[in-house]
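Take the sequence shown: its letter number 16 is residue 19 in our numbering, and every next letter is one higher.
Check before you lean on any hint, since a few could be wrong.
Said to hold, decoys possible - Ranges between beta-carbon positions, derived for each pair:
1) Leu-51 <-> Arg-107: 33 to 41 angstroms
2) Leu-51 <-> Gly-79: 24 to 32 angstroms
3) Val-47 <-> Arg-67: 25 to 33 angstroms
4) Ala-64 <-> Ile-33: 40 to 48 angstroms
5) Glu-65 <-> Asn-96: 39 to 47 angstroms
6) Thr-99 <-> Ala-64: 50 to 58 angstroms
7) Gly-57 <-> Gln-30: 20 to 28 angstroms
8) Val-45 <-> Ala-70: 35 to 43 angstroms
9) Asp-61 <-> Glu-102: 56 to 64 angstroms
10) Gln-93 <-> Val-47: 24 to 32 angstroms
11) Gln-75 <-> Lys-113: 40 to 48 angstroms
12) Leu-51 <-> Arg-90: 27 to 35 angstroms
13) Arg-32 <-> Arg-67: 32 to 40 angstroms
If you are wondering where the hints come from, they were derived from the structure by calculation, not from laboratory data. Ideal placement from N, C-alpha and C gives every residue a C-beta, glycine not left out.
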Amino acid sequence: DMGLRKGDIGEAMEEIQWNTSDDGPEQYRIFYRMIYTFCFHVVVTTILMNIIFGIIIDTFAELREKAQDVDQEITGRCFICGIERFRFDQMSNGGTGFEEHITREHNMWKYL
């Protein structure tokens, strides 16, 4: 018989009476339990949930960054020769060398 047989750890703790007429150390036991329970819920709900949400947000940020890298690779290079957009734009007079290159010289739809 190992483990918790009740629902959660709060139910597994022993019952404490609200009205303690003792003047000894047992008098404040209910308040200690309330402080412990409050701190437990603050730690679990605030800190652990924020850690989980942070992991989820970071994962989506990585996915977005990978998608942007792929998009940059598609729009920033010639599909056929692999030369970067910057080189074509730098060598052209009007700055539209890349657009001219992919529409006239290496139009990918002409290769199908």
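Each hint, compared with the structure:
1. Leu-51 <-> Arg-107: 33 to 41 angstroms: Given range 33 to 41 angstroms: violated, Cβ gap about 59 angstroms.
2. Leu-51 <-> Gly-79: 24 to 32 angstroms: Since the Cβ atoms of Leu-51 and Gly-79 sit about 41 angstroms apart, the hinted range of 24 to 32 angstroms is violated.
3. Val-47 <-> Arg-67: 25 to 33 angstroms: For Arg-67 against Val-47, whose Cβ atoms are near 30 angstroms apart, the range 25 to 33 angstroms holds.
4. Ala-64 <-> Ile-33: 40 to 48 angstroms: Given range 40 to 48 angstroms: holds, Cβ gap about 46 angstroms.
5. Glu-65 <-> Asn-96: 39 to 47 angstroms: At roughly 40 angstroms between Cβ atoms, Asn-96 and Glu-65 fall inside 39 to 47 angstroms, so the hint holds.
6. Thr-99 <-> Ala-64: 50 to 58 angstroms: Given about 34 angstroms between the Cβ atoms, the range is violated.
7. Gly-57 <-> Gln-30: 20 to 28 angstroms: violated (42 angstroms)
8. Val-45 <-> Ala-70: 35 to 43 angstroms: holds (37 angstroms)
9. Asp-61 <-> Glu-102: 56 to 64 angstroms: Check failed, 36 angstroms falls outside 56 to 64 angstroms.
10. Gln-93 <-> Val-47: 24 to 32 angstroms: violated (57 angstroms)
11. Gln-75 <-> Lys-113: 40 to 48 angstroms: The hint (40 to 48 angstroms, Cβ to Cβ) is violated, given that Gln-75 and Lys-113 are roughly 24 angstroms apart.
12. Leu-51 <-> Arg-90: 27 to 35 angstroms: violated (51 angstroms)
13. Arg-32 <-> Arg-67: 32 to 40 angstroms: Violated - the Cβ-Cβ distance for Arg-32 and Arg-67, about 52 angstroms, lies outside 32 to 40 angstroms.
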